[in-house]
Amino acid sequence: MGAGLGSGILGKADEGRPPGRPLSGYGERSKYVKPARTMRQTKTPQAGSSATPLADMYGIITPSSLHYERHHAGVPDIDPDEHRLLIDGLVERPLLLTMGDIRRLPSVSQIHFLECGGNSGGEWQDKTGPDAQRSYGLASCSEWTGVPLRLVLREAGVKREAKWMIAEGADACRMQRSVPLVKDLDEALLAYGQNGEPLRPEQGFPLRLLTPGWEGNVQVKWLRRLFLTETPHYTRDETAKYSDLMPDGKTRIFTLTQEAKSVVTFPSGGQKLAGAGWYEITGLAWTGRGRITRVEVTLDGGREWREARLDQPVLYKAFTRFRLPWKWNGRAAEVASRATDESGYVQPTREELIAVRGRNSGYHFNGIKVWRIQADGSVTNGDA
Amino acid sequence: METRSIAAAVCLWMAGVLGAQAPKYGVGRVMSAEETRNYGIMVGPDGKGLPAGSGTAVEGQAVYAAKCRSCHGSKGEGGTGPLLVGGQGTLATGKPVKTVGSHWPYATTVWDYIYRAMPFDRAGTLKHDEAYGVVAYVLYLNGIVEEKQVMNASTLPKVRMPNRDGFVPDPRPDVGRTAGAKE
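If you read the sequences in order, they're chains Z and A. When we follow the numbering used here, the leftmost residue of the first sequence carries the number -12, and every step to the right adds one. When we follow the numbering used here, the leftmost residue of the second sequence carries the number 4, and every step to the right adds one.
The reader is advised that the hints may include incorrect statements.
Below, computed lysine-lysine pairings styled on DSBU-like, alpha-carbon distance capped at 35 Å [what the hints assert, rightly or not]:
#1 51/A to 228/Z
#2 114/Z to 314/Z
#3 30/Z to 228/Z
#4 70/A to 98/A
#5 18/Z to 30/Z
#6 228/Z to 21/Z
#7 228/Z to 130/A
#8 237/Z to 51/A
#9 27/A to 170/Z
#10 228/Z to 78/A
#11 51/A to 27/A
#12 170/Z to 51/A
#13 237/Z to 78/A
#14 78/A to 30/Z
#15 170/Z to 237/Z
#16 78/A to 161/A
#17 78/A to 130/A
#18 70/A to 51/A
#19 114/Z to 237/Z
#20 114/Z to 78/A
#21 161/A to 237/Z
#22 98/A to 114/Z
#23 98/A to 228/Z
#24 161/A to 98/A
#25 161/A to 146/Z
#26 51/A to 78/A
#27 170/Z to 161/A
#28 237/Z to 70/A
#29 228/Z to 151/A
Taking beta-carbon pairs under 10 Å as the criterion, some of the chain A residues facing chain Z (in silico) [unchecked claim]:
#30 31
#31 45
#32 97
#33 109
#34 170
#35 179
#36 181
Simulated DEER-style distance windows between Cβ atoms [unchecked claim]:
#37 25/A to 266/Z: 56 to 62 Å
#38 310/Z to 51/A: 50 to 56 Å
#39 172/A to 7/Z: 56 to 62 Å
#40 181/A to 117/Z: 27 to 33 Å
I should point out that these hints are in silico values taken from the structure, not numbers from a laboratory. Ideal Cβ positions, reconstructed from N, Cα and C, are used throughout, including at glycine.
Take the sequences, apply the hints, and build the full model.
Right under this line is the structure:
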């Protein structure tokens, strides 16, 4: 019998085919499927990040189990029946809400990407990431369900002089960010659902702030308080962290919008092409300024660009999957993608970013990532 | 400074969305001022919200040695936790060193962060006086306050941090081109 037919086609004649495993209460992926979030060795694994294996993802939804993590003092264990959200400060009626109260309000489900402000932070330095996961993987995309923030704020009655709200998490460090009360917050949710389930603890169970298109850190997880103020509080995580140091020594603060970005996930670093012939180049694009309108792909390091096909519908502030069939001739090549969004913004090169912002801004890197395909089919970091 | 550019956008949203202020659904429990106070401290850059209590660098040094040194080093030089001292004058160089002393714009933030998030393995255990003392000690190590200077709700907001004017608003998009422009 030819092994090439695959196991299980014919079975063993003398034993027949016994049934598979029985029903189960909560499904698991196949034991043959291994992709996992990155786990770095550190003395403080409660304060760190783990990245989504972007190159192993299909479509635009990140499985909740593989959504990237960034915690500042670990994942708290919160009983949703005990959880409360306080809205106070410059409001007419300070309000304490239970999860039950929040779920009674009109809700909405929306698909949005979420990206850490520090995603691709290593790309500012000489030693850039070797693969898509370790260079661009602090970005994920989920369907989120929640109550529009403005409905909840209206219940408390925001005073005229309020211009900011301080969002506080229920993690051990009670992480805080100052959120400006700007028009973008029309889209903001108090989210309690993720991909059909309650939020995962790593993403803020039972309640998080979701401000589509902004950096992840401001979308405070385990949300326990919204405190309305006239000014920002200049919290540690918006001054010392998540701010961008420029070559002139000035630091940009409240850089909230995640600018248009894309990355080729196949072929990408660490993969190997099986030989010359047809492949599908694919990857992900996203923008905090609305919808992706165009993704171009180069195979010669940026001299010529071809337009990729975008999976439809292209969603607002969500991952967009792009694809381009490609016949590899077996010679060395340099592949990269370039995204354009509906504001007209075009994803810049790494060199263009560094020319303006230097190498020490640390956050908000959205440059083009180049992968080098060797003649033997192996794919490596194009910057190395 | 950076709040100015955001202010105009705020007014638009407030008028358009939050203009109607009557509660519609009547959910939740209205809280008294005392109940909200017990929910936790919120500290503004003007010192609003700072609690009673005080401390000096001398007092803070003992607290630091007991509760901070194991991660941040005996003089704030860092360890498993970040370094807390030095770096002034380096922000515009090729090797910037960002610390409380060189980078943080407000001393109120230092108190708030220490009080809410430190020590890392037992956050929320510091007393108000201990937090004032540790802030005084960290500021003293950075040459920002004197050893016997008392830090409290009225003196702390007046501390002038070296990088107080070092923060600027977000000017993006600042890099690249827009579609339609020539490459």
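Against the structure, the hints come out as follows:
1. 51/A to 228/Z: holds, 23 Å
2. 114/Z to 314/Z: Answer holds: residue 114/Z to residue 314/Z is near 31 Å, not above 35 Å.
3. 30/Z to 228/Z: holds, 20 Å
4. 70/A to 98/A: Distance ~30 Å between residue 70/A and residue 98/A Cα, so the pair holds.
5. 18/Z to 30/Z: holds, 30 Å
6. 228/Z to 21/Z: holds, 33 Å
7. 228/Z to 130/A: The given pair, whose Cα atoms are some 25 Å apart, holds under the 35 Å limit.
8. 237/Z to 51/A: holds, 26 Å
9. 27/A to 170/Z: holds, 21 Å
10. 228/Z to 78/A: holds, 22 Å
11. 51/A to 27/A: holds, 32 Å
12. 170/Z to 51/A: holds, 27 Å
13. 237/Z to 78/A: holds, 27 Å
14. 78/A to 30/Z: holds, 21 Å
15. 170/Z to 237/Z: Measuring from Cα to Cα gives roughly 27 Å; hence the hint holds.
16. 78/A to 161/A: holds, 24 Å
17. 78/A to 130/A: Given that 35 Å is the threshold and the Cα spacing comes to 22 Å, the pair holds.
18. 70/A to 51/A: holds, 27 Å
19. 114/Z to 237/Z: holds, 25 Å
20. 114/Z to 78/A: holds, 31 Å
21. 161/A to 237/Z: holds, 22 Å
22. 98/A to 114/Z: holds, 16 Å
23. 98/A to 228/Z: holds, 17 Å
24. 161/A to 98/A: Roughly 30 Å between the alpha carbons, so the hint for residue 161/A and residue 98/A holds.
25. 161/A to 146/Z: This hinted pair holds, its Cα atoms lying about 28 Å apart.
26. 51/A to 78/A: Status holds; Cα separation ~30 Å.
27. 170/Z to 161/A: holds, 34 Å
28. 237/Z to 70/A: holds, 33 Å
29. 228/Z to 151/A: At roughly 30 Å apart (the allowed maximum being 35 Å), residue 151/A and residue 228/Z satisfy the hint.
30. 31: Cβ of residue 31/A sits 4 Å from chain Z, so the hint holds.
31. 45: Nearest chain Z Cβ about 5 Å off; hint holds.
32. 97: Holds - the Cβ of residue 97/A comes within 10 Å of chain Z, reaching about 8 Å at its closest.
33. 109: holds, 5 Å
34. 170: Result: holds, 4 Å to nearest chain Z Cβ.
35. 179: With a closest approach of 3 Å, the residue 179/A hint holds.
36. 181: Hint holds; residue 181/A Cβ to chain Z Cβ min 4 Å, cut 10 Å.
37. 25/A to 266/Z: 56 to 62 Å: holds, 60 Å
38. 310/Z to 51/A: 50 to 56 Å: Since residue 310/Z and residue 51/A have Cβ atoms about 54 Å apart, the given range 50 to 56 Å holds.
39. 172/A to 7/Z: 56 to 62 Å: holds, 60 Å
40. 181/A to 117/Z: 27 to 33 Å: Distance hint for residue 181/A, residue 117/Z holds at roughly 32 Å.
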